[in-house]
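There are 4 protein chains.
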Amino acid sequence: MSKGRLEAFSDGVIAILITIMVLELKIPLGTQWEALRPLLPVFLTYLLSYVFLGIYWNNHHHMLHATDQVNGKTLWANLHLLFWLSLIPLVTGWMGQNDFAPLPTAVYGVVLLLAAMGYLILQTAIIAQQGTHSKLRRAVGKDLKGKISVVLYVVAILLAFVDRWISIGLYVFVALMWLVPDRRIESIVRE
Amino acid sequence: MSKGRLEAFSDGVIAILITIMVLELKIPLGTQWEALRPLLPVFLTYLLSYVFLGIYWNNHHHMLHATDQVNGKTLWANLHLLFWLSLIPLVTGWMGQNDFAPLPTAVYGVVLLLAAMGYLILQTAIIAQQGTHSKLRRAVGKDLKGKISVVLYVVAILLAFVDRWISIGLYVFVALMWLVPDRRIESIVRE
Amino acid sequence: MSKGRLEAFSDGVIAILITIMVLELKIPLGTQWEALRPLLPVFLTYLLSYVFLGIYWNNHHHMLHATDQVNGKTLWANLHLLFWLSLIPLVTGWMGQNDFAPLPTAVYGVVLLLAAMGYLILQTAIIAQQGTHSKLRRAVGKDLKGKISVVLYVVAILLAFVDRWISIGLYVFVALMWLVPDRRIESIVRE
Amino acid sequence: MSKGRLEAFSDGVIAILITIMVLELKIPLGTQWEALRPLLPVFLTYLLSYVFLGIYWNNHHHMLHATDQVNGKTLWANLHLLFWLSLIPLVTGWMGQNDFAPLPTAVYGVVLLLAAMGYLILQTAIIAQQGTHSKLRRAVGKDLKGKISVVLYVVAILLAFVDRWISIGLYVFVALMWLVPDRRIESIVRE
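Residue numbers (my numbering), protein chains in the order written: chain F, 146 to 336; chain P, 146 to 336; chain Z, 146 to 336; chain U, 146 to 336.
Note that these hints are calculated values from the structure, not bench results. There's no promise every hint is true.
Identical copies look the same in the list; a pair holds intra-copy or inter-copy alike.
[Unchecked claim] Straight line, CA to CA, 27 angstroms or less: simulated DSSO-like cross-link-like pairs of lysine-lysine: (1) Lys287 x Lys171; (2) Lys290 x Lys280; (3) Lys218 x Lys287; (4) Lys280 x Lys292; (5) Lys171 x Lys218; (6) Lys148 x Lys218; (7) Lys171 x Lys292.
Owing to the predicted nature of the structure, the values given are computational and were not obtained by experimental measurement.
So that you can see chain F by itself, here it is in the shape it has in the complex:
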C-alpha cells in the first residue's frame, strides 16, 4: 500500500489538534491589559504544545520520507501515536488553567512520554517492514535523542511533585533539543 493516505490523515489530525488547542485560549473578559494577564500561562503552554506537535509533524514527515510502503501494522502504529497526540490539547489546557499545578504538570509529561513511545513503536514497525537494508534504521542510528527524551520525561514526571518548575524546564529542554538541527545535537550528545 502507498503511504499517501497515511500522510494525509496524519497531517489532518495534527493540523486539527494544533488548532483545537487555540479554542482553549478563551477570549479575555474585559478590554484592559489586566484582562490579558490570566491568559499568559495558557498562552505559554499553548506555545510549548504547539512546538511539540510541530516537532512530531516534522519528524513524522522525515520518517515517512524514508519509507516507501506501509502495511496494516504501520497503519495501527500510526493511529496509536495519533491517539496520544490527541490528548495533548486536554492536558495542555489542564496544566495551563491551573498555573502548572503538580499533578497536571506530571500528567502532561505522561502524555508526552506515551506519545514518544508511540513514535518509537511506529519507527520500529516501519524498520521491521523494511527488513535488513532499512533506510530508516540507518537514518535513525542509535536514536540517542529519542532515548534521552524518554529518560528526561520520566525524571520530569517524578520531579513534578517536588518542584514543578524543574519539570517545565525539562519539557522545554526536550523541545529545544529537537528544534536544534539534528546532526549537531547528535554529535554534541555523543561527546
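The hints should help you fit chains P, Z and U onto chain F, whose structure is shown.
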C-alpha cells in the same frame, strides 16, 4: 472520475471526527487525583470510539486501494457512510457522560449498526461499478466478519435494556475482531 | 497553476463545516426517550444541511474535474463560495434550535441563495478562463437546475413569513432535485 | 524533500482556522431582527479575518508554486507563520465582541504584524535555499506591498489608542491592497 478527492475528503472528515471527540473530554475541575475520576468513563468511551473510527479509516483505506474509479453513486454512498460516522462523537459523549445508561448505550449501538450498513452499501456500490471481474468482491469474499458484526450490534442494542455491560462487552468484542489481522480471524470464524 | 491545492483546501473546509455542525447537536440532558425529543428538529436541520454541503462538495468535485488550470480570480471566487458555505452551520443551528421560526428560516434561505450565487460566479470564472472551447460550458449547458434553484430560494425566503413549512418544503425539494442523478432531472425539467 | 506535505498541512491548518472563527459567531438568542444586531460587529470582523486568511492562503499557494524543494528550516519557518495565523480567531473574537475597543484593536494589529513577519521569514528561508538563481526572488522583486503593509500595521497599532476607526480603516486598506490583482497595485505604488 479519480478517487483522490473522495479519499482526501473522507480522511478529512474522519480526522476531524476523531479530534472533535477529544473536545468532549472536558478539562478536569481541580488538580487532585479525584478530579480525574469522573473523566474515566468518558475516556474509555473515547478510546472505544477512537478504535472504531480507526477501523473504519483503515478499512476504507483498504477498500479504496482495491478501487480505481468512482462515480456519482459511490460519492453519495460515501457521504452516507460519513453521515453516520459523524454522529459517533455525539453518542460517545452521551454514553460516556451518563455512565453507560441503557438508552445511550443502545443508541450508540444503533449508530454503529447504521455506519456498518453504510459501509456495506458503499462496498456494494463499488463492486457493482467494477462489474463481474471486481477486485473488491474477491477481496471481500463472503464478508463473514461484516455479517457477524451486524448480528452482534443488533443483539447488543436489545440487551442494553437488560444488562448494558453485555452490550459494552459486545461492542468491545466487535472492535477487537476487526483489530486482529484480517486473515487469521476469518479462518477462525470459518471453523 | 495546478488545481490540486484548491481542491484540497475546499475539501478541508467543507469536511470541517460538515463536522462542525455536529457540535450544535448538544449531548441530550437525561437518559430517557424524552431527552431525545428536543434534538429532533436540530437533527433534521443537520441532515438537510449535511445534504446541501454534500451536494456542493459533489458538484465542486465534478466542476473541477472539467477544469485543468486555475488562476487568481478562480481562487478568490472559490474562497467567496466557501465563505457563504461557512455560514451554514450558524444558520442551521439558529433555525434548528428555534423550531423553524420565520426569520431564521428565511435567513437560512438567504445563505443558501448566496452560496448558490457564489457557485455560479466560480463556474463563470472557470468558463471565462477556459475560453471559447470551454469543457465546463458544454457540461453545464443552460444550467436550468441552477436557475430554478435560485428562483425557488427567493420564493422560499419570501414565503417563510407566510408559512415557513412551505419554505422548508422548497429547501427539501431543491436538495432532492440535486440528489437525483443529473441527466434525468434535466430532461424532465426541459419538457 | 518534496513540498507536498508542507502544502497539505498548511491547507489543513488554514482551512480549520477559517472555520473555527465561525464558532465565535454564536447562534443569536431570539428569532427577531434585533437578535441579529449584536452579531453585526462579530460578523464584520469575521469577514475581515476571513479575507486576511484567504490572502495568506492565496499568497502561500503562489509562493510554494515558485518553490521546488523544502528543507528543515523551511518547515519550521512555515510552522512559525502558522502559529501567528492560529491566533487570528482569538483576536478576531476579542475585537468583535468588544465593539472594536482600543486594546483588542491594537492586539489584532500586533498578530497581523507578526504573521506578516512570519511570512517574510518563510519567504527569505525559501529564497536562501534556492540560491542565486532563485525563482521566488525574481517573482517577489522589492516586495513593496509587503513593506508598506508592515508600516501600515505599526501605524494602525499605535493609532488604535487615539482613534480605533483609523486602525480598522488601515486594516481594511491593507486587505484591499492585497485583494486587488498584484501587478497593478505595484505599479501604482511605484509612481
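We went through each hint and held it up to the structure:
Taking the closest pair of Cα atoms, lysine 287 and lysine 171 never come within 27 angstroms of each other, the shortest separation being 43 angstroms inside a single copy and 39 angstroms across copies. Taking CA atoms no more than 27 angstroms apart as the test, lysine 290 paired with lysine 280 passes inside one copy only; the shortest distance there is 18 angstroms, against 37 angstroms between copies. For a Cα distance limit of 27 angstroms, the shortest separation of lysine 218 from lysine 287 qualifies both inside one copy, at 23 angstroms, and across copies, at 24 angstroms. With identical chains, the CA atoms of lysine 280 and lysine 292 are at most 27 angstroms apart within one copy only, with a shortest distance of 20 angstroms there and 41 angstroms across copies.
In this homomeric assembly, lysine 171 and lysine 218 never come within 27 angstroms of each other (Cα to Cα): the closest approach is 39 angstroms inside a single copy and 31 angstroms across copies. Taking the closest pair of Cα atoms, lysine 148 and lysine 218 come within 27 angstroms of each other both inside a single copy (13 angstroms) and across two copies (24 angstroms). Taking CA atoms no more than 27 angstroms apart as the test, lysine 171 paired with lysine 292 passes in neither setting, with 36 angstroms inside one copy and 32 angstroms between copies.
In summary, the structure is inconsistent with hints 1, 5 and 7 from the numbered list given earlier, while agreeing with the others.
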